[in-house]
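2 protein chains.
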Amino acid sequence: MHNPVVWTPYASKAKHMKRYEKLAAEIAEAIRSGVLAKGEKLPSVRHTGAARALSASTVFQAYYLLEAQGLIVARERSGYYVNAGSSQLQPHGVQESVRKEASTVDVSELVFEILEATRAREGVALGSAFPSPLLFPLDKLAACMSSSVKAMDPWLTVKDLSPGDLELRRQIAQRYLSDGLVVAAEDIVITNGALEALNLCLSAVTRPGDTVLIEAPAFYACLQAVEQHGLKAVEITGHPQQGVDLEAMRQAILQHRPKACWLMTSFQNPTGSLMPQKHKRALVDLLTEHQIPLIEDDVYGELYFGTHKPLPAKAYDHAGLVMHCSSFSKCLAPGYRVGWVAAGRYARQVERLKLTSSLATSVPAQQALARYLTKGGYDRHLRQLRHQLLLQQIRFMEGIASYFPAETRISKPDGGYFLWLKLPGKVDALELYRHALANQISIAPGPMFSAHHEFRDYIRLNYGHGWNAETARALQWLGAFVRDAQKKNSNE
Amino acid sequence: MHNPVVWTPYASKAKHMKRYEKLAAEIAEAIRSGVLAKGEKLPSVRHTGAARALSASTVFQAYYLLEAQGLIVARERSGYYVNAGSSQLQPHGVQESVRKEASTVDVSELVFEILEATRAREGVALGSAFPSPLLFPLDKLAACMSSSVKAMDPWLTVKDLSPGDLELRRQIAQRYLSDGLVVAAEDIVITNGALEALNLCLSAVTRPGDTVLIEAPAFYACLQAVEQHGLKAVEITGHPQQGVDLEAMRQAILQHRPKACWLMTSFQNPTGSLMPQKHKRALVDLLTEHQIPLIEDDVYGELYFGTHKPLPAKAYDHAGLVMHCSSFSKCLAPGYRVGWVAAGRYARQVERLKLTSSLATSVPAQQALARYLTKGGYDRHLRQLRHQLLLQQIRFMEGIASYFPAETRISKPDGGYFLWLKLPGKVDALELYRHALANQISIAPGPMFSAHHEFRDYIRLNYGHGWNAETARALQWLGAFVRDAQKKNSNE
Numbered sequence: 019m020h021n022p023v024v025w026t027p028y029a030s031k032a033k034h035m036k037r038y039e040k041l042a043a044e045i046a047e048a049i050r051s052g053v054l055a056k057g058e059k060l061p062s063v064r065h066t067g068a069a070r071a072l073s074a075s076t077v078f079q080a081y082y083l084l085e086a087q088g089l090i091v092a093r094e095r096s097g098y099y100v101n102a103g104s105s106q107l108q109p110h111g112v113q114e115s116v117r118k119e120a121s122t123v124d125v126s127e128l129v130f131e132i133l134e135a136t137r138a139r140e141g142v143a144l145g146s147a148f149p150s151p152l153l154f155p156l157d158k159l160a161a162c163m164s165s166s167v168k169a170m171d172p173w174l175t176v177k178d179l180s181p182g183d184l185e186l187r188r189q190i191a192q193r194y195l196s197d198g199l200v201v202a203a204e205d206i207v208i209t210n211g212a213l214e215a216l217n218l219c220l221s222a223v224t225r226p227g228d229t230v231l232i233e234a235p236a237f238y239a240c241l242q243a244v245e246q247h248g249l250k251a252v253e254i255t256g257h258p259q260q261g262v263d264l265e266a267m268r269q270a271i272l273q274h275r276p277k278a279c280w281l282m283t284s285f286q287n288p289t290g291s292l293m294p295q296k297h298k299r300a301l302v303d304l305l306t307e308h309q310i311p312l313i314e315d316d317v318y319g320e321l322y323f324g325t326h327k328p329l330p331a332k333a334y335d336h337a338g339l340v341m342h343c344s345s346f347s348k349c350l351a352p353g354y355r356v357g358w359v360a361a362g363r364y365a366r367q368v369e370r371l372k373l374t375s376s377l378a379t380s381v382p383a384q385q386a387l388a389r390y391l392t393k394g395g396y397d398r399h400l401r402q403l404r405h406q407l408l409l410q411q412i413r414f415m416e417g418i419a420s421y422f423p424a425e426t427r428i429s430k431p432d433g434g435y436f437l438w439l440k441l442p443g444k445v446d447a448l449e450l451y452r453h454a455l456a457n458q459i460s461i462a463p464g465p466m467f468s469a470h471h472e473f474r475d476y477i478r479l480n481y482g483h484g485w486n487a488e489t490a491r492a493l494q495w496l497g498a499f500v501r502d503a504q505k506k507n508s509n510e
Numbered sequence: 019m020h021n022p023v024v025w026t027p028y029a030s031k032a033k034h035m036k037r038y039e040k041l042a043a044e045i046a047e048a049i050r051s052g053v054l055a056k057g058e059k060l061p062s063v064r065h066t067g068a069a070r071a072l073s074a075s076t077v078f079q080a081y082y083l084l085e086a087q088g089l090i091v092a093r094e095r096s097g098y099y100v101n102a103g104s105s106q107l108q109p110h111g112v113q114e115s116v117r118k119e120a121s122t123v124d125v126s127e128l129v130f131e132i133l134e135a136t137r138a139r140e141g142v143a144l145g146s147a148f149p150s151p152l153l154f155p156l157d158k159l160a161a162c163m164s165s166s167v168k169a170m171d172p173w174l175t176v177k178d179l180s181p182g183d184l185e186l187r188r189q190i191a192q193r194y195l196s197d198g199l200v201v202a203a204e205d206i207v208i209t210n211g212a213l214e215a216l217n218l219c220l221s222a223v224t225r226p227g228d229t230v231l232i233e234a235p236a237f238y239a240c241l242q243a244v245e246q247h248g249l250k251a252v253e254i255t256g257h258p259q260q261g262v263d264l265e266a267m268r269q270a271i272l273q274h275r276p277k278a279c280w281l282m283t284s285f286q287n288p289t290g291s292l293m294p295q296k297h298k299r300a301l302v303d304l305l306t307e308h309q310i311p312l313i314e315d316d317v318y319g320e321l322y323f324g325t326h327k328p329l330p331a332k333a334y335d336h337a338g339l340v341m342h343c344s345s346f347s348k349c350l351a352p353g354y355r356v357g358w359v360a361a362g363r364y365a366r367q368v369e370r371l372k373l374t375s376s377l378a379t380s381v382p383a384q385q386a387l388a389r390y391l392t393k394g395g396y397d398r399h400l401r402q403l404r405h406q407l408l409l410q411q412i413r414f415m416e417g418i419a420s421y422f423p424a425e426t427r428i429s430k431p432d433g434g435y436f437l438w439l440k441l442p443g444k445v446d447a448l449e450l451y452r453h454a455l456a457n458q459i460s461i462a463p464g465p466m467f468s469a470h471h472e473f474r475d476y477i478r479l480n481y482g483h484g485w486n487a488e489t490a491r492a493l494q495w496l497g498a499f500v501r502d503a504q505k506k507n508s509n510e
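Protein chains in written order, with my numbering: chain A, 19 to 510; chain E, 19 to 510.
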């Protein structure tokens with residue numbers, strides 16, 4: 019490596035989170051994941067304190083916090099219990115892996131219509147692709163931006179072309195290293211958000227007419243990119259919890275000889291699925307066997323609710339075939355448009371494509387992020403963000419369980435800020451979308467995540483904007499509509 | 019128009035420049051353009067004052083300034099004279115318009131090699147594509163960035179997606195209006211520099227395999243874009259002063275039925291040619307007749323040395339066929355990566371392509387520029403910048419005339435910061451480039467501006483980095499090399 023990076027162990031940064039907050043976050047996750055079931059009694063304060071070597075007051079603070087968040091209730095002279103709340107919805111059943119023929123993609127018109135309508139409206143933004151910008155340390159970023167732009171070496175405006183600012187690339191390489199991945203700073207290309215990175219990767223490894231493997235449902239920008247690049251797509255249906263089936267993928271590879279594979283391996287958009295680590299490893303082995311590059315979209319990887327960050331497939335890449343794309347847009351700095359790709363053996367090619375397509379990423383934005391990352395505080399912010407999103411997910415799950423028919427199937431993602439619902443009784447998601455929009459509620463209907471407008475009875479809901487009375491009313495309205503449509507359809 | 023814009027007459031802003039500076043700039047331009055020839059006597063202070071209704075002291079100040087700049091000399095009891103300096107080089111002869119067959123483009127490897135070598139080296143950056151960053155009001159921009167990012171509405175991070183920040187688009191529309199062009203703010207799409215705009219335009223109107231008309235020599239990014247998009251190019255040789263020949267263009271249109279035409283109409287890179295206004299009008303008429311969109315690269319339009327800004331071809335566009343691409347990178351804010359396109363009838367298409375390829379341009383950078391433009395001061399900065407570049411051009415012309423063989427042919431652009439030289443005696447520009455690089459001097463050899471590595475005896479020199487002893491030595495070294503090579507070639 020040209021630029022040695024200093025290893026900052028992740029654990030040493032954890033001290034910034036207060037003890038009781040850490041405990042509360044762990045218990046909240048246990049409740050969400052079902053380790054602590056509804057109505058179940060929490061261990062006593064004394065027991066928890068002893069087991070974890072925490073003072074009683076720390077444990078009390080954690081329990082008070084959870085009580086204030088509505089996750090647990092205190093019963094007099096008995097202790098703390100997990101809030102029984104309303105009935106739970108069932109998760110999705112196992113979806114069959116369907117392998118389709120390779121086909122061209124023509125999804126844009128529907129997606130644009132929905133995106134434009136969603137943006138134009140005021141109201142409850144359950145269809146939004148973004149979490150609330152209020153979740154991010156915009157003040158601290160502004161301060162970093164202000165200091166860095168004032169101190170900026172004028173010559174950086176000429177030097178920080180593709181592959182991007184060296185200090186920022188060093189900081190990103192350090193974060194890889196603290197996760198156990200060895201990525202050289204010079205193999206990282208800074209891009210205008212992850213979206214540009216993904217598109218550059220696709221340009222690097224495909225030519226018009228080629229076939230690529232994608233998942234179904236897929237993030238609509240993936241479908242748009244496939245369409246724009248003139249590619250054919252083979253869709254591998256993803257399991258709502260575990261992501262794509264590897265056997266289906268193997269068969270598709272043998273049949274279609276794809277030039278690339280584009281997947282979101284952690285907290286997939288829209289399903290929220292998290293590919294198990296052993297699947298990720300097997301995926302990389304499979305692709306390596308066939309020398310097929312993986313374009314790994316990992317923009318939600320930092321938003322995990324568990325105790326450990328799920329490593330990307332890139333962690334198992336020894337052949338340099340994985341192009342790991344991510345950004346700061348969903349976890350730190352929305353609107354700054356700073357993303358990157360660790361493109362392995364394709365790094366130089368991506369760097370050149372960046373140079374010829376947009377030359378460079380905004381230098382002040384790169385500088386501001388490099389400074390923020392250097393100053394520290396990012397990991398603390400991330401812990402708070404994850405905890406907040408976890409609480410919001412729990413609230414939304416409860417709200418949906420209260421208002422939607424019991425036959426509704428729901429994902430229970432271990433991270434991110436999307437829920438993926440299968441509506442009962444042949445309810446048409448596009449119809450629901452249109453009626454909801456007329457009522458100032460946006461949702462993301464299933465067909466926008468499919469090359470062939472499938473998933474017609476699915477919707478994606480964003481819980482990244484938090485819970486309030488308006489949200490509750492919106493979910494109530496949606497639930498009532500689904501119930502009515504369900505009745506109407508069963509009478510027909 | 020949805021968003022009415024307020025017309026700020028350009029003239030009313032001129033008052034910010036001091037009178038003597040304005041006079042000095044006008045005289046400098048008269049010297050550069052040959053209206054005042056070397057050795058010629060300037061009008062007396064009394065005469066000039068009377069003719070322009072200026073006080074004698076204002077005229078004296080202007081003359082002192084010009085004397086300090088080395089443009090004029092005072093002779094005792096006689097008055098002021100244009101500095102005789104060294105002998106003038108001849109301008110280029112008229113180049114013949116050559117129409118080539120449509121062909122694929124494969125220029126990237128050479129261009130990348132040169133760009134990488136040029137960037138890696140310290141030394142005299144005569145091959146650079148950028149002017150010195152020290153020419154720009156980076157402090158004021160930093161102050162604008164600092165205030166705007168601190169006051170930024172968090173929701174803008176979600177709202178300022180393609181087509182971009184409304185206030186910035188309004189400011190750009192106002193500038194169009196003050197130049198006499200009516201462009202609606204909603205038809206402007208903000209991009210990651212002009213380069214992204216140009217690429218998006220090409221994506222909007224072509225498909226792989228299509229033919230496009232370009233000029234020769236051409237900006238290498240145009241050649242790279244044509245190559246990356248899988249297009250065929252028909253090259254129309256540009257006149258070194260007037261740009262492309264319209265008759266050649268008409269014939270090429272009839273023969274090749276191109277899907278688009280990509281040109282730099284003002285201060286072309288690399289030749290510096292300025293297409294006369296009547297040619298621009300005729301060009302638009304010709305393209306409109308055949309319904310061919312024009313991708314107009316106008317990043318140097320603000321850097322004119324004359325008294326009036328040369329209007330772009332867009333000014334004559336009534337059919338919405340001209341996609342006018344520009345940016346702030348070369349005239350205000352290098353490294354911010356904020357450009358735009360006024361794409362006429364293709365505006366919605368470009369907006370969508372931007373959305374799917376990179377989503378948005380960095381919001382803080384957009385905000386900073388919107389604030390800078392609102393506060394005013396841009397026109398004053400531009401006047402100073404133009405004057406500075408003009409002085410630098412004069413210095414460079416003199417230096418080249420002193421050090422290069424008399425048979426060297428040179429362009430004399432009316433704006434921008436490039437000189438285009440034809441070397442005498444079959445001197446190989448690539449050989450010169452390689453030897454110069456070994457001596458810490460970068461130049462841009464002609465073949466990098468050609469789809470077929472032509473212009474082998476041409477070089478482009480950047481005078482945007484100013485004049486100093488090092489520059490003089492570099493020109494001297496280059497001139498000596500050319501002289502030696504010329505001798506060697508004539509002996510063979």
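Hints may be right or wrong, so weigh each one.
[Claimed, not checked] Below, computed lysine to any residue pairings styled on SDA-like, alpha-carbon distance capped at 20 Å:
(1) A:168 to E:484
(2) E:177 to A:221
(3) A:250 to E:295
(4) A:250 to A:122
(5) A:277 to E:247
(6) A:327 to A:152
(7) E:168 to A:150
(8) E:506 to E:453
(9) E:177 to A:160
(10) A:168 to E:157
(11) E:393 to E:193
(12) A:158 to A:327
(13) A:250 to A:294
(14) E:158 to A:327
(15) A:36 to A:97
(16) E:177 to A:177
(17) E:430 to E:295
(18) E:250 to A:221
(19) A:177 to E:171
Think of the hints as simulated: they come from the structure by calculation, not from any bench.
Do the hints match the structure? See the list:
Restraint check for residue 168 (chain A) and residue 484 (chain E): not satisfied, since their Cα atoms lie roughly 24 Å apart, outside the 20 Å limit. Straight-line distance between C-alpha atoms of residue 177 (chain E) and residue 221 (chain A) comes to about 28 Å, which puts the hinted pair past the 20 Å bound. Simply put, residue 250 (chain A) and residue 295 (chain E) have alpha-carbon atoms about 46 Å apart, too far for the 20 Å limit, and the pair is violated. The suggested pairing of residue 250 (chain A) with residue 122 (chain A) holds, with an alpha-carbon distance near 5 Å, which does not exceed 20 Å.
At roughly 18 Å between alpha-carbon atoms, residue 277 (chain A) and residue 247 (chain E) fall within 20 Å of each other, so this suggested pair holds. Between residue 327 (chain A) and residue 152 (chain A) the CA atoms are separated by roughly 23 Å; this puts the pair beyond 20 Å, and the hint is violated. Distance check on the hinted pair: residue 168 (chain E) and residue 150 (chain A) sit about 18 Å apart at the alpha-carbon level, within 20 Å; holds. Proximity of residue 506 (chain E) to residue 453 (chain E) is assessed by CA-CA distance (about 16 Å); at most 20 Å being required, the pair is judged to hold.
Under the criterion of a C-alpha separation no larger than 20 Å, the hint pairing residue 177 (chain E) with residue 160 (chain A) is consistent with the structure, at around 18 Å. With a C-alpha separation of about 7 Å, the suggested pairing of residue 168 (chain A) with residue 157 (chain E) holds against the 20 Å cut-off. Proximity of residue 393 (chain E) to residue 193 (chain E) is assessed by CA-CA distance (about 14 Å); at most 20 Å being required, the pair is judged to hold. Between the alpha carbons of residue 158 (chain A) and residue 327 (chain A) the distance comes to roughly 24 Å, so the proposed pair goes past 20 Å and is violated.
For the hint linking residue 250 (chain A) to residue 294 (chain A), the alpha-carbon distance of about 28 Å lies beyond 20 Å, and the restraint is violated. Restraint check for residue 158 (chain E) and residue 327 (chain A): the C-alpha separation of about 42 Å exceeds 20 Å, so the hint is violated. For the hint pairing residue 36 (chain A) with residue 97 (chain A), the CA-to-CA distance comes to about 23 Å; that exceeds 20 Å, so the pair is violated. About 30 Å separates the Cα atoms of residue 177 (chain E) and residue 177 (chain A), which puts this hinted pair outside 20 Å; it is violated.
At roughly 18 Å between alpha-carbon atoms, residue 430 (chain E) and residue 295 (chain E) fall within 20 Å of each other, so this suggested pair holds. With a CA separation close to 18 Å, the supplied pair residue 250 (chain E) and residue 221 (chain A) stays within the 20 Å bound. For the proposed pair residue 177 (chain A) and residue 171 (chain E), the alpha carbon gap of about 31 Å is over 20 Å, so the pair is violated.
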